[in-house]
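Counting from 1 along the sequence shown, just add 2 to a position and that's the residue number in this note's numbering.
Warning: the hint list may mix true and false statements.
To be verified - Taking CB as the label site, the calculated pair distances span:
| id | residue 1 | residue 2 | range |
| --- | --- | --- | --- |
| 1 | Thr55 | Ser170 | 35 to 43 Å |
| 2 | Asp57 | Ala300 | 45 to 53 Å |
| 3 | Lys244 | Asp148 | 15 to 23 Å |
| 4 | Lys201 | Lys289 | 33 to 41 Å |
Stated by the list, open to error - As a list, the in silico EDC-like pairs of lysine to aspartate or glutamate whose alpha-carbon atoms are at most 16 Å apart:
| id | residue 1 | residue 2 |
| --- | --- | --- |
| 5 | Lys176 | Asp152 |
| 6 | Lys244 | Glu272 |
| 7 | Lys118 | Asp89 |
| 8 | Lys241 | Glu272 |
| 9 | Lys303 | Glu231 |
| 10 | Lys238 | Glu172 |
| 11 | Lys303 | Asp168 |
| 12 | Lys118 | Asp152 |
| 13 | Lys141 | Asp124 |
| 14 | Lys286 | Glu272 |
| 15 | Lys239 | Glu297 |
| 16 | Lys286 | Glu269 |
| 17 | Lys239 | Asp199 |
| 18 | Lys229 | Asp199 |
| 19 | Lys229 | Glu163 |
| 20 | Lys141 | Asp168 |
| 21 | Lys238 | Glu272 |
| 22 | Lys241 | Glu269 |
| 23 | Lys303 | Glu234 |
| 24 | Lys154 | Asp124 |
| 25 | Lys303 | Asp266 |
| 26 | Lys49 | Asp89 |
| 27 | Lys118 | Asp148 |
| 28 | Lys176 | Asp148 |
| 29 | Lys201 | Glu167 |
| 30 | Lys141 | Asp199 |
| 31 | Lys239 | Glu167 |
| 32 | Lys238 | Glu171 |
| 33 | Lys229 | Asp266 |
| 34 | Lys229 | Asp168 |
| 35 | Lys289 | Glu269 |
| 36 | Lys239 | Glu172 |
| 37 | Lys238 | Glu269 |
| 38 | Lys238 | Asp199 |
For the record, the hints were derived by calculation from the structure and aren't laboratory data. What you are looking at is a predicted structure, and each value in this text was computed from that prediction instead of being measured. C-beta atoms are modelled at their ideal positions from N, C-alpha and C, and glycine is treated no differently.
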Amino acid sequence: MAKDSGIGWTHSTWNPVEGCSKVSPACTNCYIHRSIRQQRLDAYSGKLHRTATWDDPYDWEEECCRTNTARMVFICSLSDFFHVGIDECRAQLWAIMRRTPHLIYRVLTKRPERIKAHLPPDWGNGYPNVWLGVTVEAKQWLHRMDTLRDVKAVLRWASVEPLLEDLSEEINLKGFGWIAVGGESGGRKGAKEHLWDPKADWKKGLLPIIGEDGKVNLDGSGLRTMKYEWAENLRKKVKATKGCLFMMKQVTAPRSGFGPNALDGVEWNELPAPPNGLQWLPFKPHKPSSTMTPEQIAGFKAGLTSPFKPPVEKRTKL
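Let's have the full structure, built from the sequences with the hints guiding it.
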């Protein structure tokens, strides 16, 4: 699907199946809709479709065998690997993953309650090249980590993106080896950034929200703010836990991947080592345009929203 991914923590994305359905606030402004609607398909109808990319992992495996390296693959970035719509073909996907041991598959789900019943018969303590993860965007969904903790896996991880509130006091990192944190990206052009309202209907793309000034903002399709201290508190919690690694993926921004250095100018880009003594293929370094200036970091730390955007009065109307 995409041999060279733009996602900071993977080399490639592989989407043998596309399509999904919304299950929690993390899905509200998900990029899946924007990507799939370009194909004139409904991303959230619950109807999934197969793609023509099923043989891609074999090509990547052959390359890694020649170089004795490991390639990280994010599977189903345009779906959910444990969505009911994948039940009919998941056994085939497990077989491909088993046959490509030089590819390290990042499986990410918002449906961990379905994992146990849909593991392959030979799963045992987990395939060495399959790392199971859950999305946790707010306190209400921390139970996903509890559910995954009860599943045997070589490595468990959590994508805390979009981070909608401070989770540091309540998150339990036991049994997890990697945490990736990020703010929301994308959003409707011209819509205002705002704090998440847990009472709003997350199933809708346009959410009326109440701002800090108490006024109703009907531009709720904008990005939901991640505050500096929420990410920093999680970083401290992770680093105080033996064996757990931390990645800062991005701040809240229209463009994905902006601000990996947002926490005091340091790029937190920790990743677990691949299995079997392999070495990772080199990851692409962050573009200079993706890093924040000291002034932007100071603005983010001071609590400003989107400190990297040009001031409103200086914008040029199209």
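Quick one, are Lys238 and Glu171 close enough, alpha carbons at most 16 Å? With a Cα-Cα distance of about 11 Å, the restraint between Lys238 and Glu171 holds, given a limit of 16 Å.
For the pair supplied as a hint, Lys176 and Asp152, is the alpha-carbon distance within the 16 Å limit? Holds: Lys176 and Asp152 sit about 11 Å apart, inside 16 Å.
Against the range 35 to 43 Å, how does the distance between the Cβ atoms of Thr55 and Ser170 compare: consistent or not? holds (38 Å)
For the pair we were handed, Lys118 and Asp89, check the Cα-Cα distance against 16 Å. Within the cut-off at roughly 13 Å; holds.
Are the Cα positions of Lys241 and Glu269 separated by 16 Å at most? holds (14 Å)
Keeping to a limit of 16 Å between CA atoms, is the pair of Lys118 and Asp152 held or broken? holds (9 Å)
Proposed proximity, Glu167 with Lys239 (alpha carbon, max 16 Å): Holds: Lys239 and Glu167 sit about 15 Å apart, inside 16 Å.
Holds or violated: Lys229 with Asp199, Cα cutoff 16 Å? Given pair Lys229, Asp199 holds - Cα atoms ~14 Å apart, limit 16 Å.
For Lys141 and Asp168, compute the direct alpha-carbon distance and say whether it is at most 16 Å. Holds - the C-alpha atoms of Asp168 and Lys141 are around 8 Å apart, at most 16 Å.
Run the distance test for Lys303 versus Glu234: straight-line Cα separation, threshold 16 Å. holds (10 Å)
Quickly compare the C-alpha distance for Lys238 and Glu172 to 16 Å and report which way the hint goes. Measuring from Cα to Cα gives roughly 13 Å; hence the hint holds.
Given the proposed pairing of Lys239 with Glu172, does the C-alpha separation stay at or below 16 Å? Cα-Cα ~10 Å, so holds.
Hints 13, 15, 17, 38 from the list above are not met by this structure, while the remaining hints are.
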